[in-house]
Every structure is written in structure tokens, then in C-alpha cells.
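The opening residue of the sequence shown carries number 197 in my numbering; numbering runs sequentially from there.
These are calculated hints, taken from the structure and not from any lab test. One thing to keep in mind: the hints can contain errors.
What the hints assert, rightly or not - Derived BS3-like pairs (lysine-lysine); straight-line CA-CA distance at most 27 Å:
#1 K388 <-> K443
#2 K246 <-> K471
#3 K246 <-> K565
#4 K532 <-> K565
#5 K471 <-> K413
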Amino acid sequence: MIALTDLYRGFRDPEVIRSLAKEIATQANLIDATINIMEVCGGHTHTIMKYGLTQLLPDNIDFIHGPGCPVCVMPKERIDHAAALAGMPNTILVTLGDMIRVPGSKGSLAQHRANGCDIRPIYDPLDTLKIALDNPDKTVVFFAIGFETSTPMTAVLIDQAEKRGIANLFFHINHVLVPPAIDAVMADPNVKVNAFIGPAHVSVISGAKVYRPAVNKYNTPVVVSGFEPVDVMESILMIVKQKVASKAELENQYSRSVSEDGNLAAQEMVNRYFKVRDNFRWRGLGPIPSSALMLRSEYVHRDAELVFAEHLPSDEIDDHKACQCGDILRGLCKPKDCKVFGRGCTPETPLGSCMVSSEGACNAYYRYKGVSA
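I would like the entire structure built from these sequences, with the hints used as guidance.
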């Protein structure tokens, strides 16, 4: 049996990476145009920056960092919703780790917690069940975020709350979908993207097939990739070979974990409790039709947006004027192009969400600025 450490060492083997870089350069030399690859997921951005992959690639291959970070795309008004819910009497707000540091219009959730609100960051959504059971006299609100990857866990949490009759547990749903975000990126008249690296963990749930409409609609290659540096380099090579052959196809580099159809049991659980929301505003991308989920009508008794509607602000709120996070999420500029990057905006004092999350592009550029230019 191959040890896990040995397996991952293979996916980071410098000789393999250099060999792939050489083949990429050979193939890319056959193309005159620039290949602008959007890696949708922030995890891929960090791999690219951490391992200095940009330094190994020819000049006609460029990366454009996409909106695949659930914390980064959360608009300020949704964070204000969370703060308002946390401010209700006898209420505990529960959410996933990075979310508490994202700035809303009235500060971050971490600041509201410091001011006395009971806000609890967790890493396993099912921990919310224990919090609700241990505090039967309090209202517990789970502020749910994430792409297709984390949605099944929220569905399981709702399922358990229903089956166990936990009446004091409510949900503020902010689950978003990758394919509509790709459509929004490609709809921009200034778009430069002509290839995609598809997100790995999302694809484990949704299946590779969800990207085929984008391939056909935009005549653009999509390669679903794992997160290791060898995975990313193999995916780049697959994209370059498609460009050389004048093809646009869906390919699955991450076949060890991703199938064509995805996790059908997880999809069934999600469909049981959620339906597609008509519209949802993304930070940096604006309103995107059919790009998010909401609770089905059978579960409105748990929907915090409806049950506590009188407590929630309704205004849409733009980012700090100096922050270019929106342009970065649309692939129109890079973090280093922002005037406040690394100056007024750092991981310790973030102005925008792209600097907050461990998956954010600005965070990656800041963290690995000594590795990649």
C-alpha cells in the first residue's frame, strides 16, 4: 500500500513539474495567441502562487483569478444580515471560520463578537446541532455559505434538525453555484478568459458534466483539476493541447475523485431541501440569475430571512471605493494592480473580501509574494 505522504510527494515532485513545464512550453510555442486561463477556485490560486508555477510557464500563458471563493463573493449586505441576526436578544449566530473576518458595512462579525454578540465560528456544520441542543432557550442561526461543495452538509444539518425536532435552529442560506458565475464572467464585454480550470471539490459533488454547457456556449476548454501542483500543470498541458488542436472540450484531469455525474446521493439531499433562487447579488459580479439556493417552501419555518425579516437591513452596499476586489473577481485585474494592496489592505486589516479568506486571490498574492511575482 502506498503511504499517503508518498502519494502527495509524487504530486509535488519537482522533476515531474519541470517535465510538464517543458512540454507545456513546447506546445505553447505552436500558438501565437495568449491563453488566459481562469482558475475558478481559490484553492488553485494558492497552489499556483505557493509553488511558483507562473515562473515555469511561457509568456503566452496567463492566469486570471476567478470568483470561486465563497467568502470573497459574499456582498456586504449579507454580512450585515448576519450581524443583525447576531444582535437579536438571546441569539447565537454560527458560521464557518473565515466568514467572521469579512468586513460588512458596520464592521466584521469578529468585531460584533468583540462587542458582545454571541458569534461562534465552526469548521463542522453539524457542531451547530449540539449548540442548539445545549441552548434550548436561545435562537440559534446557522449562517450557511459555500459553493456546491459545502451545500450537502447544510442539507444534512437541516435534515437532522427536522428529524430531531430542534425547533430553535434557523438558517440564513448563502449557498451559491459555479456554472452561473462562469456565465457572468463570460458575459462581461471586457472578458479576457479563453480557458477554465474547473474547481475540484465542487466537481466531486456536482460532477464534471455541469461545465459542458459553458464549453459549448463559449467554445472554451474546461479542464477539471486537482489541487496539487502536478495536477494543475497537467491541466494546463491539457488546455494547451486543446488550443493547439483548435478544440474546446470538457476534460477531467481529477478523475481519481471526480466522475461525470458526481455524488448523486449528495445531490438528492440538496434537492430535497433547496431550490434555485431567482436572483442573488455577488460581490464584484452583481446580481446573477439562478446563481444561488434557498430553502424550499416546506421549510420556511426555518428560513431566517423570512422569520426574522423585520430585523434585516434591505439596502445593497458597495465595497470600499479604493478596493478593486470586484474587478479581481471578474478577472479584469490582478491583486497587485490594486492601489491599496499590501498597503491599506492586508490580511490583518482587510478592506475587501479577497484579502480576508485563505482562498482569496489577494491573500494568496500577499502570502506568497516572495515566491511568485
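Violated hints - listed by number, lowest first: 2
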